[in-house]
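Protein chains: 2
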Amino acid sequence: MSQNRSEISQLGEFGLIDHISKPFHPVNASTIKAIGDDAAVLDAGEAFVLLSTDMLVEGIHFDLSYTPIQHLGYKAVAVNVSDIAAMNGKAEQITVSLALSNRFSLEAVDALYQGIKSACDNYKVDLVGGDTTSSVSGLIISISVLGRIAKDKVAYRSGARSADIICVTGDLGAAFMGLQVLAREKEVFLTNPEMQPGLEPYEYLVSRQLKPEARTEIIFDLEEAGVMPTAMIDVSDGLASELFHLCKQSGVGVRIFEDKIPIDQLTFETAVEFKLDPITCALNGGEDYELLFTVKQEDHERIKKHPDIHMIGYVHERKDEKIMITKQGNVVALKAQGWDHFRDA
Amino acid sequence: MSQNRSEISQLGEFGLIDHISKPFHPVNASTIKAIGDDAAVLDAGEAFVLLSTDMLVEGIHFDLSYTPIQHLGYKAVAVNVSDIAAMNGKAEQITVSLALSNRFSLEAVDALYQGIKSACDNYKVDLVGGDTTSSVSGLIISISVLGRIAKDKVAYRSGARSADIICVTGDLGAAFMGLQVLAREKEVFLTNPEMQPGLEPYEYLVSRQLKPEARTEIIFDLEEAGVMPTAMIDVSDGLASELFHLCKQSGVGVRIFEDKIPIDQLTFETAVEFKLDPITCALNGGEDYELLFTVKQEDHERIKKHPDIHMIGYVHERKDEKIMITKQGNVVALKAQGWDHFRDA
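Quick mapping for you: the protein sequence lines, in order, are chains A and B.
As numbered in this note's numbering, the first sequence has no gaps in its residue numbers, which increase by one up to the final residue, 663.
As numbered in this note's numbering, the second sequence has no gaps in its residue numbers, which increase by one up to the final residue, 663.
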């Protein structure tokens with residue numbers, strides 16, 4: 319028998335997920351939605367339970383030379399809570415599993431859990447379990463999160479319909495620019511360890527990278543405004559990549575407007591300083607953990623005054639047309655160039 | 319400020335878990351039981367939901383030089399299903415997260431998922447999510463499992479009461495002896511790669527190590543017999559260690575009888591061949607994934623004919639007295655010398 323070897327990098331992360339999940343077919347009546355959204359949706363009787371999981375690997379997802387370990391703990395929880403928010407749900411419990419090499423002291427573990435606790439307190443999430451083990455090298459954190467949602471309130475990626483308004487919260491590209499700043503300061507430090515890090519002017523960007531927040535208050539605001547998103551996803555891999563997910567699963571296309579994409583002034587200026595195109599950073603920079611969602615036209619009035627929700631375009635039915643209208647009025651095709659840990663690493 | 323460094327190994331795995339979990343206090347009404355049992359117990363309205371998680375790290379929990387990767391996939395699911403069974407529940411969904419170095423081909427990943435699928439099919443569990451990422455070195459598998467149970471059926475570790483009968487399923491020590499056999503064959507192979515592995519006579523032991531099963535049918539049998547365990551735990555770290563968990567959480571002591579501890583003939587003979595005490599292997603060898611539980615005296619009649627349930631002793635109220643009566647009638651104190659990945663690794 320010939321031994322063929324295929325590389326995982328040929329498929330990429332999303333290709334690998336498709337490949338892996340193909341042979342699996344749910345058999346339990348309680349499984350409402352399995353792989354393919356921000357969280358699995360499971361029938362718990364009166365309500366649905368949401369389940370999601372994320373794994374963070376040292377050297378791939380974080381670099382402890384510029385990441386305070388308590389921020390890492392906070393972020394690990396926040397990104398999981400964000401996955402539940404992206405289903406329009408409320409996170410309630412997490413489990414935290416750690417693999418640690420003997421490089422890590424008990425004090426380092428305590429600092430990590432201080433960050434985890436701070437996030438648990440902030441998002442009102444209970445730590446209910448986990449696993450701790452040693453590792454051969456480095457730190458790996460795996461968090462699972464359980465959320466809860468009324469059965470008629472789930473926002474899947476697949477619900478966007480023609481003429482829906484596309485909304486995004488906060489601003490985009492800041493976490494990506496924060497990473498660029500941190501990487502540059504690390505280089506400077508490695509070249510000259512006497513040099514003081516010059517992070518202060520970039521504080522907002524660095525904090526977006528190191529200590530992102532899940533936009534749970536948006537879920538609350540939407541409910542209070544009586545708005546049910548037709549589709550939702552969180553921006554972890556970049557706006558363009560997430561729009562592609564929404565389009566694929568909803569069977570639609572999108573038209574967005576460059577001048578409507580929210581970019582913080584500091585993100586803009588820092589991108590220019592780094593000789594990067596700010597709009598490319600906003601479209602393709604990952605880890606913003608903002609919420610991207612669609613609402614019906616008739617909900618326009620209900621959200622237009624929200625200071626942190628930006629309407630950036632609309633959904634149309636030509637599913638092959640995912641385009642951006644530039645400030646100059648040109649039409650450009652969007653490309654999903656988000657993060658791919660198998661290709662980029 | 320002085321920088322003290324404390325080693326995690328000073329606490330050990332269980333000490334670390336106690337240390338980590340101390341500052342956390344549940345705030346959600348849905349959190350019925352957080353850290354400290356085989357699974358967390360969460361109120362889902364009509365029923366309880368059970369949530370547990372396990373992380374397997376290459377070089378710590380498994381050695382791919384003698385572990386077929388599809389068996390590893392099977393085992394990773396089985397040990398999680400076992401945690402749900404140990405609460406008297408039924409596992410229904412899992413998430414699987416993987417970190418993989420570029421040493422792993424797509425064919426290896428496919429083989430791993432064949433094992434995962436085989437276990438999912440066997441235990442009727444749905445794969446509903448996960449995360450895939452690259453790693454700097456080796457393979458890490460993190461699985462979370464969701465189960466379901468009627469609210470009046472949960473078997474906690476804390477429910478054992480004086481005079482309850484202590485039961486254990488199957489036989490003990492086989493997985494540990496399987497590991498010894500595999501480790502010896504690896505040594506032989508490293509010394510002389512021409513040598514054929516001599517695993518055949520030890521097939522039962524090796525299969526207990528490489529492809530353990532969760533005892534889900536016992537849960538079914540107990541329910542059919544009308545027996546509700548007063549306390550339950552699965553034997554992952556060794557019988558003695560698990561008895562200590564039951565005693566600690568139930569506030570009781572135990573008396574077990576050496577001649578009642580189920581040891582397979584091959585386990586016994588192989589232990590002797592390896593110059594190991596068979597009873598020590600049964601008490602302290604890990605990874606059997608049998609169920610250890612207590613039942614009320616009055617349930618004796620209902621289970622005494624079950625071919626795979628063994629009554630090994632009873633619970634008493636002197637919580638400092640955890641003892642074994644030897645075949646010679648001597649009284650020896652039990653010691654919890656189970657696996658500790660931080661100390662043993």
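These are computed hints drawn from the structure, not numbers from a lab.
Do not take every clue at face value.
When the alpha-carbon atoms are kept at most 25 Å apart in a straight line, the in silico BS3-like pairs for lysine-lysine are as follows [as the list claims (entries may be wrong)]: (1) B:Lys653 / A:Lys442; (2) B:Lys566 / B:Lys351; (3) B:Lys442 / B:Lys529; (4) A:Lys435 / B:Lys469; (5) A:Lys469 / B:Lys469; (6) A:Lys578 / A:Lys469; (7) A:Lys442 / A:Lys469; (8) A:Lys340 / B:Lys435; (9) A:Lys504 / A:Lys578; (10) B:Lys653 / B:Lys593; (11) A:Lys351 / A:Lys529; (12) B:Lys340 / B:Lys637; (13) A:Lys340 / B:Lys653; (14) A:Lys566 / A:Lys471; (15) A:Lys529 / B:Lys340; (16) B:Lys471 / B:Lys593; (17) B:Lys614 / B:Lys566; (18) B:Lys529 / A:Lys442; (19) B:Lys578 / B:Lys566; (20) A:Lys637 / A:Lys351; (21) A:Lys578 / A:Lys340; (22) A:Lys623 / A:Lys637; (23) A:Lys351 / A:Lys471; (24) B:Lys578 / B:Lys504; (25) A:Lys351 / B:Lys578; (26) B:Lys566 / A:Lys351; (27) B:Lys471 / B:Lys566; (28) A:Lys622 / A:Lys578; (29) B:Lys351 / A:Lys435; (30) B:Lys645 / B:Lys578.
Hint check:
Under the criterion of a C-alpha separation no larger than 25 Å, the hint pairing Lys653 (chain B) with Lys442 (chain A) is inconsistent with the structure, at around 40 Å. Taking the CA atoms of Lys566 (chain B) and Lys351 (chain B), the gap is near 16 Å; set against the 25 Å cutoff, the hint holds. A threshold of 25 Å between alpha carbons decides the hint, and for Lys442 (chain B) with Lys529 (chain B) the separation of about 17 Å falls inside it, so the pair holds. Proximity of Lys435 (chain A) to Lys469 (chain B) is assessed by CA-CA distance (about 29 Å); at most 25 Å being required, the pair is judged violated.
A threshold of 25 Å between alpha carbons decides the hint, and for Lys469 (chain A) with Lys469 (chain B) the separation of about 21 Å falls inside it, so the pair holds. For the given pair, Lys578 (chain A) sits about 33 Å from Lys469 (chain A) by alpha-carbon distance, which is inconsistent with the 25 Å threshold. Of the supplied pair hints, the one linking Lys442 (chain A) and Lys469 (chain A) holds, its CA atoms being roughly 21 Å apart against a limit of 25 Å. Restraint check for Lys340 (chain A) and Lys435 (chain B): satisfied, since their Cα atoms lie roughly 11 Å apart, inside the 25 Å limit.
A threshold of 25 Å between alpha carbons decides the hint, and for Lys504 (chain A) with Lys578 (chain A) the separation of about 34 Å lies outside it, so the pair is violated. As the CA atoms of Lys653 (chain B) and Lys593 (chain B) are separated by approximately 20 Å, the hinted pair is consistent with the 25 Å bound. Taken as a hint, the Lys351 (chain A) and Lys529 (chain A) pair is broken in the structure, with Cα atoms around 30 Å apart against an allowance of 25 Å. Only pairs whose Cα atoms come within 25 Å are accepted, and Lys340 (chain B) paired with Lys637 (chain B) is accepted, the gap being roughly 23 Å.
For the hint linking Lys340 (chain A) to Lys653 (chain B), the alpha-carbon distance of about 47 Å lies beyond 25 Å, and the restraint is violated. For the proposed pair Lys566 (chain A) and Lys471 (chain A), the alpha carbon gap of about 21 Å is at most 25 Å, so the pair holds. Distance restraint check for Lys529 (chain A) and Lys340 (chain B): the Cα-Cα separation of roughly 24 Å lies within the 25 Å cut-off, and the hinted pair is therefore satisfied. Taking the CA atoms of Lys471 (chain B) and Lys593 (chain B), the gap is near 43 Å; set against the 25 Å cutoff, the hint is violated.
Restraint check: the Cα-Cα separation between Lys614 (chain B) and Lys566 (chain B) comes to about 19 Å, which is no more than 25 Å; the hinted pair holds. With a C-alpha separation of about 39 Å, the suggested pair Lys529 (chain B) and Lys442 (chain A) falls outside the 25 Å cut-off, and the hint is violated. Our distance criterion of 25 Å between C-alpha atoms is met by Lys578 (chain B) and Lys566 (chain B), whose separation comes to about 23 Å. For the proposed pair Lys637 (chain A) and Lys351 (chain A), the alpha carbon gap of about 23 Å is at most 25 Å, so the pair holds.
For the hint pairing Lys578 (chain A) with Lys340 (chain A), the CA-to-CA distance comes to about 38 Å; that exceeds 25 Å, so the pair is violated. Distance hint between Lys623 (chain A) and Lys637 (chain A) is unfulfilled; the C-alpha atoms sit about 30 Å from each other, more than 25 Å. Between Lys351 (chain A) and Lys471 (chain A) the CA atoms are separated by roughly 14 Å; this keeps the pair inside 25 Å, and the hint holds. A hinted pair counts as satisfied when its Cα atoms are at most 25 Å apart, and Lys578 (chain B) with Lys504 (chain B) does not qualify at roughly 34 Å.
Only pairs whose Cα atoms come within 25 Å are accepted, and Lys351 (chain A) paired with Lys578 (chain B) is rejected, the gap being roughly 47 Å. Proximity of Lys566 (chain B) to Lys351 (chain A) is assessed by CA-CA distance (about 40 Å); at most 25 Å being required, the pair is judged violated. For the given pair, Lys471 (chain B) sits about 21 Å from Lys566 (chain B) by alpha-carbon distance, which is consistent with the 25 Å threshold. Using a Cα cut-off of 25 Å, the hinted pair Lys622 (chain A) and Lys578 (chain A) holds, with the two alpha carbons roughly 13 Å apart.
Note on Lys351 (chain B) and Lys435 (chain A): the hinted pairing holds, with a Cα-Cα distance of about 18 Å set against a maximum of 25 Å. In summary, the hint linking Lys645 (chain B) to Lys578 (chain B) is supported, as the alpha carbons are separated by about 9 Å, within the 25 Å threshold.
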